[in-house]
Each structure stands twice: as structure tokens, then as C-alpha cells.
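Q: Each chain, written out:
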Amino acid sequence: MASGGTAGLRNLIGLLARLILGVALVVAGALKVTHPAVSAQAVRAYQIFSYDVAGYVGYALPVVEILIGLLLVAGLFTRVCAVVGALLMVAFIIGISSAWARGLALDCGCFGGGGTIASSQTQYPWEILRDVGLAACGVWLIVRPATSYSLDHRLFG
Amino acid sequence: MRPDASKKIAKATPKSGPNPVVIGAIIAVVVVLAVVVAIVIGNNGKSGSTSAASGNPVPAGVVGGTGGGIFANAATAKSNAPTMDAFEDFQCPTCGELERALGPEIRTLADSGQIKLVYHMMSFLDANLGNDSSTRAANAAACAADAGKFLQYHAAVFAGQPTKEGAGYTDVQLTQFAQTAGITGTALTTWQKCATSAQHAKYVTDVETASGQAGVTGTPTIKLNGTDITKTLTTPASLIATVKAATH
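For the protein sequence lines, the chains are G and X, in the order given. Just so you know, we're using this note's numbering here: the first sequence kicks off at 1 and counts up by one. Just so you know, we're using this note's numbering here: the second sequence kicks off at 1 and counts up by one.
Since the hints were derived computationally from the structure, they do not count as laboratory data. Here a beta-carbon is modelled for each residue, glycine too, at the ideal position from N, C-alpha and C. This list has only true hints and no planted wrong ones.
In silico contact screen, one side only, chain X against chain G (beta carbon under 8 Å); selected entries:
hint, residue
1, V35
2, I41
3, A127
According to the in silico footprint, chain X covers these stretches of chain G (three or more CB under 8 Å from chain X):
hint, segment
4, 58-70
5, 105-117
Between the sequences and the hints, there should be enough to build the whole structure, so can you do that?
A: In C-alpha cells form, the structure reads like this:
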């Protein structure tokens, strides 16, 4: 295969990574942003931050997710947004693992809801695996931010 | 002939078109503004202040400062009895299960003075379930505390808990619970006024906040002398053994 073809394929993989991470963030943020009290309670359930700090994280997180997600979908400032997106995923993985290790029974609250649930209903392995996949999308874009159909390419060449 | 400088100038001049730094700065400002607005809106929603109702804002029997629980058996508790703090939400199905499994035993321990029973009725499930039944029921129970019937009212609400989480409680049901709890005559009139006017609404909000600040993030949470014993409570026998071990 010619080198141009490989670059084209990589651009398409980048596009896919952008859309997967971006859409996941937009959906996760949109499902939470209209219920700030639930989001704050979901963060408190992790018992990591103090009551007030957990509240601020709960209120702010959905907004950040939506904005970063939209930028990723548009392909604007891809590398910076991929860094933020990947860091968010790493933070989520740490939070979920920590809750699991401490024997807490939580719904991660990733897509709304959240809080303490029966220990038989926890889905820690799946939640962590999903976030690892999303983090991988972010890492790809950090390493290689050039993608097909991006505003970055249109605006800045 | 002087060398043509136009190529050099073209190289030094920034490429026409949008400047990434400017766009980036604008987006950064938008992100920060949106985060600030979200936090302000979230904090405003949290306070949920209601118009001041007449009568005492804090119900009878509250211990431990702002947002403290209701000491439900102050009349019978022995001085050496351990303190049992129960954090519950009237809409929480697991709290209903706990009440069915151990409620009668807990009330027996309270009536015989072997524990100091303090109830913290939380209301965070309102936000999850999209109704206001936890807050209204907690207010109604606080009104029952004014009538000296908190434990009876608490039992009546859980006995009438809907099987489907989120169905909530109607005002008619809350009044029926008061009658079941044995609130009658002028006491019932006072209770009704207290329940309808949401007299203890601020107290209910304060309990939710204080419980959260105390690290209670789920219901039911049962603490005995400050130690979380929720997971050890499986049978009436285990409850009695735990209480006995904590009695000095």
C-alpha cells in the first residue's frame, strides 16, 4: 500500500476515534446537565471529594463533557480536547476502581443516575473497560491529531 | 540589484485566516463561563428555599445542631444506651425492606430504652425520581414529631410505601398515615396545617445537607455510636447482639 493510502486510513481511524469519544462525552454530559442535584449526589457517592467540592464537580462536569465532546465531533483543537477527554477517562477509571477497591456499591453515574446501589447490581468491570476504550480513542488523537473532516484542517491547514 | 525581499516578507507575515490562538482563547473563555454558570445554577437549586411558614421551623426533638436528626425516644432512652442514628429516605425501597425486617425490633429497643434512636430523614431521591415525595413525607414526619408521634408516623409511611419506586405519596396518603399514627383531634388539625404549609421544609433540606456532609451518601445507613453497622444488620438477633456489644 502506498504511504498516502496509509495516511488516509489513519485519518479515518482518527475520525472514528474523534466521533466515538466526542459523541460519548456529549451524550454523557447531556443526560446529566439537566439534573445537577443528581449529578452532585452521584459524585458524592464516590466519597472522594468533600461534600461541597463534590457538588461543584457534579455541577461542572456535564458542561465540560458537552463542550469537549462538541469540539471533538467538530474536530476543532483536536489534540487539546483529546488530552482533556483522555484525562477525564483516566480520572473516571481511577474513581470507579477506587470505589470498587473500597467495597462501595455504586452506579458510576456516567450517563446520569448514579449513587449507591445493591452490590449485586454493580458493573465495575464493564464500566472500566468502556472508559479504557474511550481513553484509547483519546490517546490515538493525542499521538496523531490529524483526522478526516476536521475543522482543524479546514481552518488552519 | 537588491535582492527581492517579497519572499522573505511573505514568509514572516502570518498566514491569513483565523488565528488558532484567538479561537482557542474564545473557546476557553466560553468553557470557563459555562462552568461558572453551571456551578451557580446548581448551588441555587440546592438551597431550595421556601417561603417562611408560620410556627416553629425546627421540629420537636431535634438533636445535634442544624440539620440534626429527630431523637425519637427521648422519653424512654436510658442514659447508658448507645445512640443509633438511622439515615433513611421515605422513597428508598431498601429502607422499606429494612423497616419490614427490623422495624418492629428497632421500635422495641427504643421503647424499652436500650438505644437512643435518632432518625435523619433524607430527601435526595426526589432529584433522582423527579418528584417531591421524599421531602413532603419527611416534612410530614417532622410535623408528627411535633405531635410526639414520630415513630408511629415513620412506621405508617413505610407500611404504605408504594411497591413501585417513584410512585410517591399523595397528600391524602400522608394524612392517612397521620391518622394511622394515632394523631387525632386538635393535634391532627395542627399536624395538617404543618404538613400543608411545609412548615419544616428548611429543616428537611438542612438534614439532607448535614447528612451528606457527615459522609452519608446512600440510604439506609445505620450508625451505632457513630460506627456504620448497616451491613451487619441482617436479622433481629444480629441487631440485638450489636446493640448489646455497644452498651456499657
